[in-house]
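Just so you know, the sequences run in chain order A and B. Just so you know, the working numbering puts 294 at position 294 of the first sequence, and the rest follows in order with no gaps. Just so you know, the working numbering puts 620 at position 274 of the second sequence, and the rest follows in order with no gaps.
If you're looking for bench data, these hints aren't it; they were derived computationally from the structure. C-beta: ideal position from N, C-alpha, C; glycine also. Fair warning: there could be bad hints in the mix.
[Stated by the list, open to error] Computed spacing ranges between beta-carbons, pair by pair: (1) B:L560 <-> A:V224: 53 to 61 angstroms; (2) A:V224 <-> B:W719: 55 to 63 angstroms; (3) B:F455 <-> A:D170: 51 to 59 angstroms; (4) B:T360 <-> A:N36: 16 to 24 angstroms; (5) A:A320 <-> B:F496: 45 to 53 angstroms; (6) B:A491 <-> A:V224: 44 to 52 angstroms; (7) B:F462 <-> A:N36: 33 to 41 angstroms; (8) B:N465 <-> A:S141: 38 to 46 angstroms; (9) A:P278 <-> B:Y388: 35 to 43 angstroms; (10) A:G61 <-> B:V428: 40 to 48 angstroms; (11) B:R569 <-> A:D152: 24 to 32 angstroms; (12) A:G61 <-> B:F493: 46 to 54 angstroms.
[To be verified] Output of the computed footprint for chain A on chain B, the stretches with three or more beta carbons under 8 angstroms from beta carbons of chain A: (13) 357-370; (14) 395-404; (15) 552-564.
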Amino acid sequence: MFKYLKQLTSLVAMVAVLFTFTTESMAAKKSKTLKNTQKKGFVRCGVSQGLPGFSNADAAGNWTGVDVDVCRAVAAAVLGDANKVKFTPLSAKERFTALTSGEIDILSRNTTWTLSRDADIGLTFVGVNFYDGQGFMVRKSSGITSTGQFKDGISACTNIGTTTELNMRDFFNSKGIKYEPVAFEKADEVVAAYDAGRCDTYTTDKSGLAAQRTKMKNPDEHIVLPETISKEPLGPVVRQGDAVWEDIVRWSLNTMIEAEEYGITSANADMMKTSDNPAIKRLVGAEGELGAAFGLDNDWSLRIIKQVGNYGESYKRNIADTGILPDRGPNQLWTKGGILYVPPAR
Amino acid sequence: MNLKLKDIVPQLITVIAVVLIFGFFTYNAQINMENRGIDFGYGFLSQESSFDVQFSLIEYDGSHSYFRAYLVGLLNTILVSVIGIIIATILGVIVGVARLSPNYLINKFAAFYVEFFRNIPLLLQIFFWYFAALRALPLPQDAEAIFGVFFLTIKGLYVPAFIWQNSHIFFYSIVAAIIAITVIRIHAKKVQENQGKQIPVFLISIGLIFILPLLSFLIGGVRLSFEVPVLKQLATTSFIYEGGVSLPPELIALTLSLSLYTATFIAECVRAGIQGVGKGQKEAAASIGLTPNQVLKLVIMPQALRIIIPPTTNQYLNLTKNSSLAAAIAYPDLVLVFAGTALMQTGKAIEIVSITMFTYLTLSISISILMNWYNKKIAIQEK
Numbered sequence: 001m002f003k004y005l006k007q008l009t010s011l012v013a014m015v016a017v018l019f020t021f022t023t024e025s026m027a028a029k030k031s032k033t034l035k036n037t038q039k040k041g042f043v044r045c046g047v048s049q050g051l052p053g054f055s056n057a058d059a060a061g062n063w064t065g066v067d068v069d070v071c072r073a074v075a076a077a078v079l080g081d082a083n084k085v086k087f088t089p090l091s092a093k094e095r096f097t098a099l100t101s102g103e104i105d106i107l108s109r110n111t112t113w114t115l116s117r118d119a120d121i122g123l124t125f126v127g128v129n130f131y132d133g134q135g136f137m138v139r140k141s142s143g144i145t146s147t148g149q150f151k152d153g154i155s156a157c158t159n160i161g162t163t164t165e166l167n168m169r170d171f172f173n174s175k176g177i178k179y180e181p182v183a184f185e186k187a188d189e190v191v192a193a194y195d196a197g198r199c200d201t202y203t204t205d206k207s208g209l210a211a212q213r214t215k216m217k218n219p220d221e222h223i224v225l226p227e228t229i230s231k232e233p234l235g236p237v238v239r240q241g242d243a244v245w246e247d248i249v250r251w252s253l254n255t256m257i258e259a260e261e262y263g264i265t266s267a268n269a270d271m272m273k274t275s276d277n278p279a280i281k282r283l284v285g286a287e288g289e290l291g292a293a294f295g296l297d298n299d300w301s302l303r304i305i306k307q308v309g310n311y312g313e314s315y316k317r318n319i320a321d322t323g324i325l326p327d328r329g330p331n332q333l334w335t336k337g338g339i340l341y342v343p344p345a346r
Numbered sequence: 347m348n349l350k351l352k353d354i355v356p357q358l359i360t361v362i363a364v365v366l367i368f369g370f371f372t373y374n375a376q377i378n379m380e381n382r383g384i385d386f387g388y389g390f391l392s393q394e395s396s397f398d399v400q401f402s403l404i405e406y407d408g409s410h411s412y413f414r415a416y417l418v419g420l421l422n423t424i425l426v427s428v429i430g431i432i433i434a435t436i437l438g439v440i441v442g443v444a445r446l447s448p449n450y451l452i453n454k455f456a457a458f459y460v461e462f463f464r465n466i467p468l469l470l471q472i473f474f475w476y477f478a479a480l481r482a483l484p485l486p487q488d489a490e491a492i493f494g495v496f497f498l499t500i501k502g503l504y505v506p507a508f509i510w511q512n513s514h515i516f517f518y519s520i521v522a523a524i525i526a527i528t529v530i531r532i533h534a535k536k537v538q539e540n541q542g543k544q545i546p547v548f549l550i551s552i553g554l555i556f557i558l559p560l561l562s563f564l565i566g567g568v569r570l571s572f573e574v575p576v577l578k579q580l581a582t583t584s585f586i587y588e589g590g591v592s593l594p595p596e597l598i599a600l601t602l603s604l605s606l607y608t609a610t611f612i613a614e615c616v617r618a619g620i621q622g623v624g625k626g627q628k629e630a631a632a633s634i635g636l637t638p639n640q641v642l643k644l645v646i647m648p649q650a651l652r653i654i655i656p657p658t659t660n661q662y663l664n665l666t667k668n669s670s671l672a673a674a675i676a677y678p679d680l681v682l683v684f685a686g687t688a689l690m691q692t693g694k695a696i697e698i699v700s701i702t703m704f705t706y707l708t709l710s711i712s713i714s715i716l717m718n719w720y721n722k723k724i725a726i727q728e729k
């Protein structure tokens, strides 16, 4: 009898171990990307070749920016350390190939979400971390204050392989203006050519214009025209076919935005564990089992908020305080007159 | 029997290995593309491209197809290659001969040019000519006219456009001149072979090529007028030139850097070729009374060319392939337009890269075939 009991206990223990093992790694088993990331010990993230405020490396090679912070948030959630990210700078032309070929696992590079990109080329957009629109920059001395003053023969510098090239054509065509497109592969060369006087105007997303303006020889000589000619929702992208990884990236971004909505910051996150609001408690991991769905522990979102901060902190640190776009415009919470609105984390 | 097997087996293994490797790559690509929901196909070529290109030799805008965009890029690549090859050849021959000059200054200057330009990476030279030299050029409104009609500005070189009347008559006059020159050359050769008399073919040729077209103006009713570029104001400080022909600075910078770079290698080929002809040949030719010009033309060059052509072919191929660096400075060549913008807009990476590779391969092989044909033509005719 005693002998049997002993055997039974070990059997139960074995089954229990097996069972917990299965539940814990179910998501990880389903997501090859998550498994590989945890094995490698770092998140592979594709960023721009240098766009202040979004993804930009300093002299020591430290990357900062709102796009960079999305990758850091994923690293904090998945690996427990926001610094465990390997950044790969990519040109507009290389970015999608790098992602679909598996060289990177997240593309967080001021990339516009469009139907054809989402549907056609093996990509999935997980959300929007910056609502943008295409605009034009001109020299102040030109006296141009509106796109209505553009005339036949105007030359426009821009990047190849972007929605910018297409919008530009639509815009000039609809106005019936003949223009000369001068398209470079790298943003730095676009800026250099425009700054040298090769082009009358420089066109890209307005956030990009504001950021690149800081790189000009004399930023005060240039203005961004008020007109916005397109919708450019920028957001992180993942490969198609890994739903768990897609969810992790989506909800890492959503966590940052929702944390701001509930007033949770990197400074007060720990104290929020004792909040009365169940929504807040869920976000800091004091209630519910939200992480389990991704195969993560329950503190994944708390780590994001503590290590990276909420969306507002990230925006202030990278875009507002650097003087790029002090006004948040549409990138304000829906509760404060903006259009940032994310589904609830529950 | 045994020997044959020994010969066949390694070759068979090599063939099987190559087929397997390619098969694996194809299979791998297929599986991966299927997993990621990427379709394979060339149907996109007929779709509307919806992007514009700065500079095109054929009529093109975004309402044309991707295939048309491919042609635009291809023609631009061919244009820059052909101009580059012509300039590089002329410059290369001059510098190559100059390196052998007994004149110390000419000799050393040529040597300095060769060593300087061939030892700096080409991409750097392209950047230099585009960004450094471009910055030094004046804005359109500040540009001084060259000969009153050319304007070299930061936005490009503006030259007068030719406006022809009865241009076909002018064209016929040139064709007639060429035919006349050919006939005279053949006749002169016969006269020299039969009677030993020399006819000044060169002078007559020059005369013909000028006089016949001139006659077409005087009595053929051909009229040529120029449309000189005129400054036009776009905004307070922004101007362009209208009318005439504008050459984009990207084309100028690219052609300049490609030809300056490649000319150094061609110069070395030319020098090697001339030095490769034995000294005795020159002395023997001189001793039978040929003039120095005749020595070069009739004795040295025909032999030197056999040494010069094969390595120069390589340089032509290099120049053509190097023109793909255009992407760095916004010259809309095949790589920028097709493997750049079109690839990005369609996402058809494998299709577009394969077409681009195949195109460069075809271009290179065409140049090779042409040069091999020329090489064979000038090779020693064994009698």
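Verification of the hints:
Between B:L560 and A:V224 the beta carbon distance is about 58 angstroms. The supplied range of 53 to 61 angstroms therefore holds. Our hint of 55 to 63 angstroms for A:V224 and B:W719 holds, since their Cβ atoms are close to 58 angstroms apart. A C-beta distance of roughly 54 angstroms is found between B:F455 and A:D170, which places it inside the suggested range of 51 to 59 angstroms. Checked against the given bound of 16 to 24 angstroms, the beta carbons of B:T360 and A:N36, roughly 36 angstroms apart, lie outside it.
Our hint of 45 to 53 angstroms for A:A320 and B:F496 holds, since their Cβ atoms are close to 50 angstroms apart. In this structure the supplied range 44 to 52 angstroms is violated for B:A491 paired with A:V224, their Cβ-Cβ distance being about 35 angstroms. About 50 angstroms separates the C-beta atoms of B:F462 and A:N36, a value inconsistent with the hinted range of 33 to 41 angstroms. About 41 angstroms separates the C-beta atoms of B:N465 and A:S141, a value consistent with the hinted range of 38 to 46 angstroms.
As the Cβ distance of A:P278 to B:Y388 is approximately 56 angstroms, the hint placing it in 35 to 43 angstroms is violated. For the hinted restraint 40 to 48 angstroms between A:G61 and B:V428, the CB-CB distance of approximately 44 angstroms keeps it satisfied. Between B:R569 and A:D152 the beta carbon distance is about 29 angstroms. The supplied range of 24 to 32 angstroms therefore holds. The beta-carbon spacing between A:G61 and B:F493, approximately 53 angstroms, falls within the hinted interval of 46 to 54 angstroms.
Coverage of the region 357-370 of chain B by chain A is violated in this model, with 0 residues showing a Cβ closer than 8 angstroms to a Cβ of that chain against a need of three. A stretch counts as covered by a chain when three or more of its residues have a beta carbon under 8 angstroms from one of that chain; for the region 395-404 of chain B and chain A the count is 5, and the coverage holds. Coverage of the region 552-564 of chain B by chain A is violated [criterion: at least 3 residues with CB-CB distance below 8 angstroms; count 0].
Going down the numbered hints, you'll see the structure goes against 4, 6, 7, 9, 13, 15, while the others check out.
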